[in-house]
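Residue numbers (the UniProt record's numbering): 1 to 198.
Worth flagging that the hints you see were computed from the coordinates, not collected in a lab.
Hints are supplied without guarantee of correctness; some may be wrong.
To be verified - For each label pair, taking beta carbons as the anchor points, the in silico distance ranges come out as:
| hint | residue 1 | residue 2 | range |
| --- | --- | --- | --- |
| 1 | PRO111 | HIS185 | 31 to 41 Å |
| 2 | GLU165 | GLU10 | 37 to 47 Å |
| 3 | GLU96 | HIS47 | 35 to 45 Å |
The beta-carbon is built from N, C-alpha and C at its ideal position, and this holds for glycine as well.
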Amino acid sequence: MAARPTLTAESLATTAADLADELGFERLSVSEVARRVGVKPASVYFHLDGADDLRGRVSTLALLELGDRLALALAGRAGRDALGALVDTVRGYALEHPGRWEATQVRITAPEAAPAGARVGALMLGVVRAYGLPEDEQTHAVRLIGSTVNGFVRLHVNGGFDHSEPDPEDSWLRMTQALDSALIHWPAKAAPDQDTSR
1 MAARPTLTAE
11 SLATTAADLA
21 DELGFERLSV
31 SEVARRVGVK
41 PASVYFHLDG
51 ADDLRGRVST
61 LALLELGDRL
71 ALALAGRAGR
81 DALGALVDTV
91 RGYALEHPGR
101 WEATQVRITA
111 PEAAPAGARV
121 GALMLGVVRA
131 YGLPEDEQTH
141 AVRLIGSTVN
151 GFVRLHVNGG
161 FDHSEPDPED
171 SWLRMTQALD
181 SALIHWPAKA
191 APDQDTSR
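Put together the whole structure using the sequences plus the hints.
Have a look at this one:
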């Protein structure tokens with residue numbers, strides 16, 4: 001009989017992340033992880049403090065991976081070149097690891113996730129900053145990029161473009177161009193007569 005692999009919190013988090021990619025982050029559970037590694041749930045609880053801890057570790061792992069990919073993709077780039085690298089990297093990660101990506105989109109209280117999330121945010125801010133936006137407008141721009149990219153990716157991952165033309169790649173290129181144009185022509189302040197309550 002082959003010896004069971006040594007369990008650690010880190011190895012269990014990696015197994016959980018792989019399971020999230022297969023099953024979906026929402027279906028991730030301690031029992032599923034235990035089943036995958038061939039142990040009883042009690043053995044998993046010896047290393048992890050329950051389901052919330054497990055999910056937090058997956059979120060942290062995903063944010064660390066995404067941050068590493070973004071740092072590599074953005075090195076030496078600025079302007080539209082950096083914007084394209086940013087959105088393409090996020091989409092590529094989401095399509096390759098849908099469960100991990102979903103784990104970056106939920107509210108997680110794990111303290112370990114905060115620095116990893118802050119790093120991703122800082123990399124996005126760096127792209128926006130290169131467009132010369134005022135500091136008090138940069139967070140708004142990051143939110144625009146994030147919500148646009150994540151909305152597109154969610155539709156793509158869930159098959160929202162499967163039965164329509166033209167090719168989603170054409171729409172993706174136009175979306176990137178539209179974001180670039182929005183950042184170049186970013187208004188300094190919201191129009192004072194604009195009613196955002198409706």
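Okay, the hints, checked on the actual structure:
no. : hint                        : result
1   : PRO111 x HIS185: 31 to 41 Å : 39 Å, holds
2   : GLU165 x GLU10: 37 to 47 Å  : 45 Å, holds
3   : GLU96 x HIS47: 35 to 45 Å   : 27 Å, violated
Violated hints amount to a single one, hint 3; each of the other numbered hints is respected by the structure.
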